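Asks: Work out the full structure: start from the sequences and follow the hints.
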Amino acid sequence: MSWGRKSVISVPYLWLTLFFLVPFVIVFKISFSEMDYAIPPYTDLFTWADEQLTLTLNLGNYAYLFTDDLYIRAYLSSIRIAAIATIICLFVAYPIAYVIARAPSATRNALLMLVILPSWTSFLIRIYAWVGILKNNGLINNFLMWLGIIDQPIAMLNTEFAVYVGIVYAYLPFMVLPLYTNLMKLDNSLLEAASDLGAPPWKVFLTVTLPLSKAGMIAGSMLVFIPSVGEFIIPDMLGGAETLMIGKVLWQEFFNNRDWPVASAVAIVMLLLLLLPITLFHRYQARELEN
Amino acid sequence: MGKKVSSLGKTYLTLGFIFLYLPILILIIFSFNESKLVTVWGGFSTKWYGELLNDKQMLGAAWMSFKIAFLAASSAVVLGTMASIVMVRMGKFKGKAAFASMITAPLVMPEVITGLSLLLLFVAMAQTIGWPAGRGMLTILIAHVTFCTAFVAVVVSSRLREMDVSLEEAARDLGAPPWKVFFLVTLPIIAPALVSGWLLAFTLSLDDLVIASFVSGPGSTTLPMVVYSSVRLGLSPKINALATIIVLLATTGVLTAWWLARRVETQSVNLPTGDS
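Sequences listed follow chains W and E, in order. Per our numbering, the first sequence starts with residue 1, numbered consecutively. Per our numbering, the second sequence starts with residue 1, numbered consecutively.
No wet-lab data here; the hints were simulated from the structure. Being a predicted model, the structure only gives us computed values, none of them experimental. All clues given are correct.
Listed next, the stretches of chain W that the computed footprint assigns to chain E, with coverage defined by at least 3 CB atoms under 8 Å from CB atoms of chain E:
id: 1; stretch: 132-143
id: 2; stretch: 228-234
id: 3; stretch: 264-276
A virtual CB, placed ideally from N, CA and C, is assigned to each residue, including glycine.
Replies: Printed below as a string of structure tokens:
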């Protein structure tokens, strides 16, 4: 291997190894230590005393996760909320991607641009916008009460419903993009062949278009599902105290309880749960990257 | 695909855009509200913009975020372009599969995990080798460069794959060394992708709350951190004013970049040699 080739490979390789891969090893290590009132606030796994090297693996953090049902409930409800939000997102995004892919090429780019544009403005601020819309004396309730449809405000903020709205709103472009890319690659002659053979439009869609866009549906769903499981900002701002999500639990464990080892164990279990979806996403993405 | 958009399709698309844009529009409208109540209209006023400009903490944090985003985006473009070359042009090598997963995993990794793991790395490094001595701008920068690199790599590698390889081959056949082929042939062709990659990285860095909260230290508060702590105390028209400015800047930036990229594309089609 030439010197130039080696250095082009090694610079990003070393950077990502040091700052992406190694950190997980450290999280894994610290998940086996104990909380300590020191700097840093955890005990060492290896101790050296009386010419003996001792390795202390504390499984207590993991045992704790499985005995206090807060954590199990948080994992389960995160997965449930993320899965439902992903499905809603898919149903909302598919027609958008489909219509844009069928639009005349001159307007196609502009329409796609309009879908992506909101994600270029602050995520935090877009979620904040929904607080003012959903709260008890917010815009929706004020409007409905003004119309006389309701006389008591409907509680929407600080519910699971608000979290769904937030996830669908914030992650919609991530679902539309891979679907659109996939639908654009679709071979037109297949659709024509199906309709020439007498298939009505809905049948062409169900038997040709839909199965051929599977890759885009998987990629988009993973792009929404995986980050949603560990989402912090949306459940924190819209979900209230009632909505239990693991990203928020990890945050509180770290910032409020200052228990780094338990936070690490929470992260490791979350990572294990997400391993399969991440692999799925990676397989799709690797095919896209190399092609 | 076909070139027919039914009226049903148009209606659906319009509804989709209303859903995407109405909340932002409402934010902008209420930034001009006289009343402190964010959801009740009390007359037109620009006083919140004045208050925003006098908020020293907010301005300081905005400047800090801007510096970090600028440096992070610029470094991520270099690293991300190198990573794309490795993925698209270098063929197979030992450890390529691992490299590929280190590029795709950051795209979906929940931010709380990335933030926590980087913090623990920085703490462990400070303990063993004494660097980085404290947490602050540098640690946020390293964290941002890392996840932005992955996003730049996606944008740039898709452009690299689409470009005409025969131009590179021709230059190589004429005896140009690899670095010269890259800087004189490849780089000008993928330049629009570098611009969009840079803009994407810049926005992602500017926007990050979760990872920065983990790896920041005293004296390195970024804009999203200030916004978050202010929003926790309740809605504030000042945040609406800030949102309006961000939306305005982002829209201008993205539309300009988009327009430039389109102009470059149409020009290269018009050039007699560009369309080979």
